[in-house]
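Peer 1: Going line by line, the protein sequences match chains A and B. Counting from 1, one number per residue, gives the positions in the first sequence under this note's numbering. Counting from 1001, one number per residue, gives the positions in the second sequence under this note's numbering.
Be careful, since some hints might not be right.
To be verified - Below, a list of computed lysine-lysine pairs in the BS3-like style, where the Cα atoms sit at most 27 Å apart:
no., chain 1, residue 1, chain 2, residue 2
1, A, 190, A, 114
2, A, 16, B, 1034
3, B, 1028, A, 206
4, B, 1034, A, 114
5, A, 11, B, 1158
6, A, 219, A, 190
7, A, 219, A, 193
8, A, 181, A, 219
9, B, 1164, A, 216
10, B, 1147, B, 1158
11, B, 1153, A, 114
12, A, 114, A, 193
13, B, 1147, A, 216
Stated by the list, open to error - Reference excerpt, derived from the structure (chain B facing chain A, CB under 8 Å, subset only):
no., residue
14, 1068
15, 1071
16, 1112
17, 1120
18, 1131
19, 1143
Hints in this document: simulated from the structure, not taken from any laboratory. Note that CB positions come from ideal geometry on N, CA and C, so glycine has one too.
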Amino acid sequence: MEMEELLNAWKTYDAKLDHSLSLNRAMLREMKVDKTRSRMQRTLVARGVEAGIFSLLTIALCVFAVNRLPYPEFVLAAGVLLVFYILGFAGSIKQIVMISQIDYAGSVVDIQRKIEQITAHHLQLIRLSMLSLPFYTAYIVIGFELFFGVNIFKQGNHDWWVGQLIFSAFMIPLALWLYRKIRPDNIHLKWVKNLTTSLGGSSLTKAVQFLHDIEKFEK
Amino acid sequence: MKTTDDSFLDILEAHMGVIYKVSNAYCKDVEDRKDLIQEITLQLWRSFHQYDAQYKLSTWIYKISLNTAISFYRKEHRRSSTMVWNDKADIRPVIAVAAESQPEQDENIRLLHQFVAQLPALDRALMILYLDDNSYAEIAEILGITKTNVATKISRIKQQLKTKFITQTPK
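Bound conformation, chain B alone:
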């Protein structure tokens, strides 16, 4: 029988991509990114026992990851550690893998990251959710705005990005 720890780790592993994407979108600095990944993991762990199975797991993870990332992004003191790791454990491999996955080599991905990083905090959350193929209804639920508002904002951000692509991409 699976323990709570096992279940949590399974969920974490299945959705680690979301945590990395959110962290990468809100932290440019590698050290900050490490801290943010730790903090999101901590918040997920703290909220895990309150998770209501009637809601989609991915929705729960997006909400916690984005809320943690936006708060973290806005903090002035980014280095405060709220977790300790067992002696045998080491956060570095997680970060190393995430860092290696940074798509600097790929120009399109680099440009995309650059454009997303230029968006204000809430628009950035909206764009991550949109790029991750979430429906408008899911985005509306995660962000707490109406579907109509989601559609309007996505259309506006897409237009902004299109203009930026035209002006900034090499011909």
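Isolated chain A (complex conformation):
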């Protein structure tokens, strides 16, 4: 089949479709649109809950820090984690704004990118959690204080602290490297794909792959 035949085939098909349409008018008049939530609205609710959790954690950390103002080690640990929770909260709010701006009458590439960015939102959370790796000691400091009433900063011996600092320092380049690598244009890398799938599920990987396809389509 040549291109000309292909176009003719499409026209024949089109004519067949158009011919049948007049039958449907009376029935379509009866249509009632349900007000039930669409998939996007459900995602909006999910992101709202996520923003709520981040804001609660932020408040809890602030209360923790304020109640321990004379102890700089606790304030510092809470401050470090606050940065990540505030970033997480901001990310959720950004998503809520994006969902509310989805208009299917927009250009295909733009709308599909927005939809996939919303679906791939967990990738940003995974990247953020990678950045927080060097600061894992903050969790230990706060955890010991909250659950056991122990100030690990004072209780931990010198060698333990040196070990923690060395390990944290070692984690900085690793965290930065992971943060830079885990992104849509690297989804072809097997380990990125496996990590994304294991942490966010196959739907996240598919969304990230489609984001990559969109980027390629635009070029």
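Following the hints, complete the assembly by docking chain B onto the known chain A.
Peer 2: Then chain B, alone, in the frame of chain A:
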């Protein structure tokens, strides 16, 4: 005087062919196709009050139909219904007509459908728009890419299709 419902139905009727073609291109399964036609109709209805008359109606319909179809195509759960129909209404006749219009009997149309269905989601949208005689400028506007990009991609897809025709069509 025409109500909003009447105006919407007139527009829907005039452009139902676009909705069917897009649905058929993105859904192989008849049940999925029914759901997609419903979903496109719903999205058109939801966006109808925001329609800006300075843009071509067909452009608006293509954008909503393609965006809905691509999103639907990518969904894992395809059976979620977002519409209810009045007791007197029945979606089946619409679908039946669309299904009857499937051109299985026509080998060329069947092959064309097969080739279009093998294209990635965005290339498929591009090809539908091209086959529907839209200008490069219109395609660029609907897809949100440049005219040059449209021309390059169409040329490449045509070449791919030509190769497939040569290798797959019976001599």
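Peer 1: Does each hint fit the structure? Answer for all of them.
Peer 2: Tested hints:
no. : hint             : in the structure
1   : 190/A to 114/A   : holds (25 Å)
2   : 16/A to 1034/B   : holds (18 Å)
3   : 1028/B to 206/A  : holds (20 Å)
4   : 1034/B to 114/A  : holds (26 Å)
5   : 11/A to 1158/B   : holds (17 Å)
6   : 219/A to 190/A   : holds (24 Å)
7   : 219/A to 193/A   : holds (23 Å)
8   : 181/A to 219/A   : holds (21 Å)
9   : 1164/B to 216/A  : holds (23 Å)
10  : 1147/B to 1158/B : holds (16 Å)
11  : 1153/B to 114/A  : holds (22 Å)
12  : 114/A to 193/A   : holds (21 Å)
13  : 1147/B to 216/A  : holds (16 Å)
14  : 1068             : holds (6 Å)
15  : 1071             : holds (6 Å)
16  : 1112             : holds (5 Å)
17  : 1120             : holds (6 Å)
18  : 1131             : holds (4 Å)
19  : 1143             : holds (5 Å)
In terms of the numbered hints stated before, the structure departs from none.
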